Amino acid sequence: MKTLLPIATACAALLLAGAALAESGTVIRATPLKQQPFLDSGTVAQLSASSVVDIVTRKGAWMQVKTRDGRNGWVKLLNVRTGGASGGGGLGTVGRVLSTGSSGTTVTTGVKGLSAEQIENAKPNYAELDKMKQYRASNQGATASARSAGLKAQSVNNIPYTRGNSGGQANDPQSQRRGG
Amino acid sequence: MKASKLLCALALAAALPAQALDLGKIVDKLNENPDLVNAVGGVIQNTVDANRTIGPQEEATIGDGLAANLLGAAPLVKDAELQRYVNQVGQWLASRSDSPGLNWRFGVIDSPNVNSFATPGGVILITRGLYRELRNESELAGVLAHEINHVLLHHQIRAIQSGKGREALGSALQGFTSYKQGNARQLGANAISGMSEVFVRGLDKDDEYEADVRGMVLAARAGYNPYSLVSVLQTLGEINPSDSTVQLMFSTHPTPAERLNKIDQVVGDKLERYADGVEETRRFYRLK
Chain X
1 MKTLLPIATA CAALLLAGAA LAESGTVIRA TPLKQQPFLD SGTVAQLSAS
51 SVVDIVTRKG AWMQVKTRDG RNGWVKLLNV RTGGASGGGG LGTVGRVLST
101 GSSGTTVTTG VKGLSAEQIE NAKPNYAELD KMKQYRASNQ GATASARSAG
151 LKAQSVNNIP YTRGNSGGQA NDPQSQRRGG
Chain Z
1001 MKASKLLCAL ALAAALPAQA LDLGKIVDKL NENPDLVNAV GGVIQNTVDA
1051 NRTIGPQEEA TIGDGLAANL LGAAPLVKDA ELQRYVNQVG QWLASRSDSP
1101 GLNWRFGVID SPNVNSFATP GGVILITRGL YRELRNESEL AGVLAHEINH
1151 VLLHHQIRAI QSGKGREALG SALQGFTSYK QGNARQLGAN AISGMSEVFV
1201 RGLDKDDEYE ADVRGMVLAA RAGYNPYSLV SVLQTLGEIN PSDSTVQLMF
1251 STHPTPAERL NKIDQVVGDK LERYADGVEE TRRFYRLK
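Order-wise, the sequence lines are chains X and Z.
For what it's worth, the numbering used here labels the leading residue of the first sequence as 1, then goes sequentially.
For what it's worth, the numbering used here labels the leading residue of the second sequence as 1001, then goes sequentially.
Don't read these hints as lab results, they were simulated from the structure.
Hints may be right or wrong, so weigh each one.
Said to hold, decoys possible - Ranges of calculated distance between the beta carbons of each label pair, as one might list FRET restraints:
{"hint": "1", "chain 1": "X", "residue 1": "126", "chain 2": "Z", "residue 2": "1270", "range": "40 to 48 Å"}
{"hint": "2", "chain 1": "X", "residue 1": "48", "chain 2": "Z", "residue 2": "1283", "range": "37 to 45 Å"}
{"hint": "3", "chain 1": "Z", "residue 1": "1132", "chain 2": "X", "residue 2": "160", "range": "33 to 41 Å"}
{"hint": "4", "chain 1": "X", "residue 1": "133", "chain 2": "Z", "residue 2": "1283", "range": "18 to 26 Å"}
{"hint": "5", "chain 1": "Z", "residue 1": "1190", "chain 2": "X", "residue 2": "30", "range": "51 to 59 Å"}
{"hint": "6", "chain 1": "X", "residue 1": "127", "chain 2": "Z", "residue 2": "1132", "range": "35 to 43 Å"}
{"hint": "7", "chain 1": "X", "residue 1": "152", "chain 2": "Z", "residue 2": "1154", "range": "28 to 36 Å"}
Unchecked claim - Covered, in the sense of this in silico footprint (three residues per stretch, anywhere, with C-beta under 8 Å from a C-beta of chain Z), are these stretches of chain X:
{"hint": "8", "stretch": "47–54"}
{"hint": "9", "stretch": "74–80"}
{"hint": "10", "stretch": "154–163"}
The model shown is predicted, which means the values in this text are computed figures rather than measured ones.
Heads up, the beta-carbon is just placed ideally off N, CA and C, and yes, glycines get one too.
Start from the sequences, fold in the hints, and give me the full structure.
This is the structure in structure tokens:
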């Protein structure tokens, strides 16, 4: 019995994890559905843009999906968006409108956790900051721990990012208010 | 009297770099609030200070104050094993960056909200709410590598300096006089509170996209699958945006779909040769 309990717990955890991973997504561009997560693998079908798929799992740059007509296969992660047909963009705007802004005068009730108001009304807690010191890892310790976890340092070229095409601040409460 | 201070403030604002201040917004704000005219008039010397380069020690002091303030809003999760684990992962990533010697500290804070924060000088905080959404160590690395790059690129300190919002501007300036003592505790709660507006207002979209791209490169350098950040963003895209736990994050970041589009456009398949990097590790700490 003693050995069964942890196994039962692990099974329950796996089932829960499975339930949490019941995701769906939308293919954003026409893309081949591959048998395996490799470009040179066989093609199961051609998926058209806006196809809805159920997400089975992820591996590397690939995602295993099931199409609504029951085909299984792999597509590139970046060819799929989650969060509804619009890929979450439209819905995200709704979220921003509902946000409380930063005037400090808006009182929002029922918002739990780390809200704008809580940050604005917080008092510094230096005792907690001091605690962080004791949890610090050294470069040497972290490197040894990473090695045991199977991590290997890689040499990777930087990818340049050109600023200036993105329209500035992520969210300006002022302009939002002006825009109604 | 007020008029002359207003003029002074305007002259000052005009002297600042064009990209640093939205003059129209400041004038609006000054008109709304006559007290602010006095406040701005009183900090002219501080404004001059604020426009100079902030050194590493000053960044560290301000950053510690900001981190203490976030910890005042949500303390660390009381779980030493969890805290040590995120420091192992975070420090390993930081050791692969251009500034391995910074005073990096990582922590999980006790909030159901989905968010993460970086403060100048190297404190990085991730909420329990976001940690719960992560499938494996590689996804954690994706989040931490994004935040590490905000620190490396000085995004928060520059946002505070550029003075978006009157609170951030006014109080940051007050802070710049008093931090000369070199201890965050002497910064003053009001100055810290004012500078903390940066976490409520958010950064430029470009800052977020840049941290995404460079975070993926850093994760790859540390041996992780860099595309795990894509998975995290897809997870975030599934959360109902009207859910209160994501309000602050969604109000301060481009939408997950916008970020994925940018990654698609800038990174695309460029890091695919590293996509077979580590995802699952036995040490990955699952929240109870």
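Taking a Cβ-to-Cβ distance below 8 Å as contact, does the stretch 47–54 of chain X have at least three residues touching chain Z?
This one is violated; 0 residues, fewer than the three required, reach chain Z with a Cβ under 8 Å.
_Taking the Cβ atom of residue 152 of chain X and the Cβ atom of residue 1154 of chain Z, is their distance within the range 28 to 36 Å?_
30 Å, holds
*With respect to the beta-carbon atoms only, verify the hint that residue 1190 of chain Z and residue 30 of chain X lie 51 to 59 Å apart.*
Since the Cβ atoms of residue 1190 of chain Z and residue 30 of chain X sit about 56 Å apart, the hinted range of 51 to 59 Å holds.
Lying within 18 to 26 Å: is that true of the beta-carbon distance residue 133 of chain X to residue 1283 of chain Z?
About 22 Å separates the Cβ atoms of residue 133 of chain X and residue 1283 of chain Z, which means 18 to 26 Å holds.
- [ ] Look at the Cβ atoms of residue 127 of chain X and residue 1132 of chain Z and judge whether their distance stays inside 35 to 43 Å.
- [x] 25 Å, violated
Is the hinted range of 37 to 45 Å satisfied by the C-beta distance from residue 48 of chain X to residue 1283 of chain Z?
Holds - the Cβ-Cβ distance for residue 48 of chain X and residue 1283 of chain Z, about 42 Å, lies within 37 to 45 Å.
For the stretch 74–80 of chain X, does the count of residues with a C-beta closer than 8 Å to a C-beta of chain Z reach 3? holds (count 4)
Given coverage of the stretch 154–163 of chain X by chain Z, tested with a Cβ cutoff of 8 Å and a minimum of 3 residues:
holds (count 8)
* Take the C-beta atom of residue 126 of chain X and the C-beta atom of residue 1270 of chain Z, compute their distance, and say whether it sits inside 40 to 48 Å. => Taking Cβ atoms as reference, residue 126 of chain X and residue 1270 of chain Z lie about 43 Å apart, which means the hint holds.
Worksheet item: residue 1132 of chain Z and residue 160 of chain X, beta-carbon distance inside 33 to 41 Å?
Response: This hint holds: roughly 34 Å between Cβ atoms.
Of the numbered hints listed earlier, those contradicted by the structure are 6 and 8.
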